[in-house]
Each structure stands twice: as C-alpha cells, then as structure tokens.
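Given the structure of chain A, go ahead and fit chain B onto it with the hints provided.
If you're matching them up, the sequences are chains A and B in order. Just so we're aligned: the first sequence equals residues 1251 to 1432 in my numbering. Just so we're aligned: the second sequence equals residues 263 to 525 in my numbering.
Treat each hint with caution, since some may be false.
Beta-carbon label-pair distances, calculated as ranges [stated by the list, open to error]:
(1) A:Asn1404 x B:Ala423: 45 to 51 Å
(2) A:Asp1285 x B:Lys347: 39 to 45 Å
(3) A:Pro1290 x B:His364: 46 to 52 Å
(4) B:Asn424 x A:Pro1360: 29 to 35 Å
(5) A:Ala1421 x B:His364: 49 to 55 Å
(6) B:Arg322 x A:Asp1420: 25 to 31 Å
Quick caveat, the hints were computed from the structure, so don't treat them as lab data. Cβ atoms here follow ideal geometry from the backbone N, Cα and C, with glycine treated the same way.
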Amino acid sequence: MRWQQRLVAVALLAFCSTAFAENSPPAEPDTYRADNYRSPVPETLKGGRVLTTNEAETIWRGGSAAFIDVLPQPERPANLPAETLWHAQSHDTIPGAIRLPNVGHGEIAPETDAYFRNGVAAASRRDSAHPLVFFCRRNCWMSWNAAKRALSYNYSSVYWYPEGTDGWQDAGLPVEKAEKGH
Amino acid sequence: MTVHLRIIAFLWIGLAALLLSRGSSFAQDETTWFEIRSAIIGESVPEDGAERLSLVAPTRAEDAAIVPIELRVRNSEKEAGRVTKITLVIDENPAPVAAVFHLGDGQTTFDMTIRVRIDSYTFVRAIATMDDGRLYMAKAYVKAAGGCSAPAAKDPAEAKANLGEMRFRVFADRGDAQIQVRHPNYSGMQMDQITRLYTPAWFIEKLEVRQGEKTLFSMEGGISISEDPTFRFSYGGTGDPVIVEAEDNEGRAFKRTFPATGS
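Only chain A is shown next, with the shape it has when bound in the complex (with noise of 0.2 Å):
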C-alpha cells in the first residue's frame, strides 16, 4: 500500500508542476509585437538592459533614470457627446514615472509617433544618453515595443523593466496613482 501512495503522490506532484509551470519565455523578435501584447514577453532586449525589480528599485532610488509607463489607456473619442460620462480606469504606478499611453502598439500612426518622440526628448531632457526605464505590466509587450522604439529614436541607454507596475507592487514598493495620459 505504502508504495501505491507514494506513486499516487508523486503522480499528483509531477501534474502539478507541469500544469502550472510558467511556459517558457518566447525569443526575442526582430520586429514589433503587433497583437496579443498580454502574453508572455522575451528575456531580452536587442540594445538595451533588462531589469529585474531589485535592478529598477536601485535604479528609481538614484534618481537619475526617468521611468516612462506606457500602459495603454483608451482616448475619449474626440466626437463623443460632451454629456457621455468618460471614465478613464484609475491606475497606479511607480512614483514620479512619466505616463506616456498608446505608444506601445505594433505601428503607430505618425501623430502618435511624434508624441512618444516629443515626450521621450522632454523626459530624457533633450540627452540621447539619459537613462530611460520602459515599464508597464507584467506580460505586457507594449514596453518591450516601446524600449525597442525608443532604440530607434537612437537613445543609448535604454531599460527595459518587464515586470512592471505588477512586480512593483508584489514587491511591496510604493505606487501613486498615475497622471492622466493627454
């Protein structure tokens, strides 16, 4: 009987871990994600660091990094009756971080293009050279596209914190509540 349990446990073990392991992480592509950006994202970044919590929590505490969210955040339709009630999700995030929605999706449009370019210069004040920290949720490629975008830009130091505002929070650091995107 002894060795029957035993089998029935490591049986039940063995199911265990193998329906909950995390899949494997996916290779890092050479072009943007364009759809299913909450999924599981790559362990790397072409041209740029990728931090861990503790990494960006040193980071954050030296205060000489801007940390840009890109978490996406629908825009009132410009037409919408003036009398809709338009209620953007609260949302927090890592203190003093710089709210820059939308400009994750696989292609944006050149409006949108000139605003993550003009919002990236005011954050980095104009230095190609100062440290920017990409972040938005855990599994969320909008800031794997938005690190990758702003490489593009020809920002030398780019940081890519793919646990994001999830892994921040976990880890017990402190949030606020984020600025409106405009």
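Same frame as chain A, now just chain B:
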C-alpha cells in the same frame, strides 16, 4: 486505503488553493462602481433587484464585441409602483453607461436582450427606476476583454451601403420580437488598420419603437452597443403596425414601418 484517499484529498485541496490564489488577481471588485455611481444615480441607494429586476449575462463571453445581456422586469401586481426606466451600466467600459431604456406604459413584464461590447473583466449592472423614484439594481460579473477596440466585423463600404436598414421579426410562440438596425456603431476606440488612427465614434444615439400610438420602448444608446444594434424584447402585438425610428450621433435619421406580424 483511507490514508491513500486522504493524500489525494490533501493534494486536491492544495491544487484548489493554488488555483484560488492565482485567481485572486482577477478579484471581482466594485471600486469603479463607487467611482462612477454618483454620476449615474446620484446619492440614491438602489434596493436589490430581487424579483422585480434581473440581469442575465454569460460568465465568460465568447466574443467580447457581442456579449448578449438580458434584462427582465417584473412589475408587481400587488404593490404600487412600476419600472419606467432601465439604465444598463458596464462598470469597466470607458463609457460605462451603455444604454438607457424607457418602458412604455402599462407593461407588467418586460424583457430586453441587447448585445454589447465589453472592454475588460467587469460587473454589468442594470438599474431600474420606478415611477415613485425608488431604484432597484441587479448585476452580473462578465469575463470578456477587448470588445470596445475589436475591429468591425463588416468592412466600412458594406456598412455604409446598408446603413439604416432594419429588420423586424416576431416570435409569437415565445412572446417576443427582434429589431435589428444596420449600423457600424463605431465605438471611437477601434483602430483603422491602415492609418493606425481611431475611427471616429458613430453610433445609434436614439431609438424608439411604437405600435400604433403606443410606445413599446425607447432607448438612448452609446458606444458600448455592438455593431448592427439588435434588440429582442417582449412583444404581444395589437395588430397595429410597428414603427421604428432611429437617429445616430451624426444626425442621420432612419424610419421604417412594419406589419404587426413582422417582415
């Protein structure tokens, strides 16, 4: 053998705990409702819908751009007061008030099914306003996401060609009828695949359904209503023709008259 079973039970409990802990990040919470409620119902406190008002929604929607929501009103014959208005709210949609229905006079029971877009996991709630000012509320939690920004099913040229066409079908055996208005009902959050810009919001803002002189219902709609708005509602039918009038946010008006038995 009992030890054996106990081990299995123990492992299943562990498994359940693991699943529950993973599910906790999707906790159903009403923070958003408390942020928006005063803009919708002021300081009134709704009573539980109980038998007077209920809402039926799928727990997990197959297609977030067309989630069927059923509202059921049962006016009490014993008690005074009847429902005159139903407000349908999708908490987590950026434009949370999906529709406001005004009921015609003299209806003791009224069912309405419409299809809506759902942007992220959310409570969907209906608030019934009584003629004496009391409110009743019913709600359901729906797991669906991306419905507001999902690309239109029909291409723009086709949508324009059939704009404002209507269908009216009667299901006498079930005591209801269905109206469909052809309209893209663009949410304003759908991205044009070529320009990467948002297609402007374009939707049915008002709809009124009458039979003869009698109003069956009217609606004020918003961007959360799905493409080709479809309404299935309680319908007895008096034999008089049914008139459907709709108007979109660009001021285009559409009107059709149907025989009582449908077209």
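We went through each hint and held it up to the structure:
1. A:Asn1404 x B:Ala423: 45 to 51 Å: Once the Cβ atoms are compared, 47 Å apart, the range 45 to 51 Å for Ala423 (chain B) and Asn1404 (chain A) holds.
2. A:Asp1285 x B:Lys347: 39 to 45 Å: 40 Å, holds
3. A:Pro1290 x B:His364: 46 to 52 Å: For Pro1290 (chain A) and His364 (chain B) the Cβ distance comes to about 48 Å; the hint holds.
4. B:Asn424 x A:Pro1360: 29 to 35 Å: With a Cβ separation near 33 Å, Asn424 (chain B) and Pro1360 (chain A) satisfy 29 to 35 Å, so the hint holds.
5. A:Ala1421 x B:His364: 49 to 55 Å: 51 Å, holds
6. B:Arg322 x A:Asp1420: 25 to 31 Å: 26 Å, holds
Hint compliance for this structure: every hint is met.
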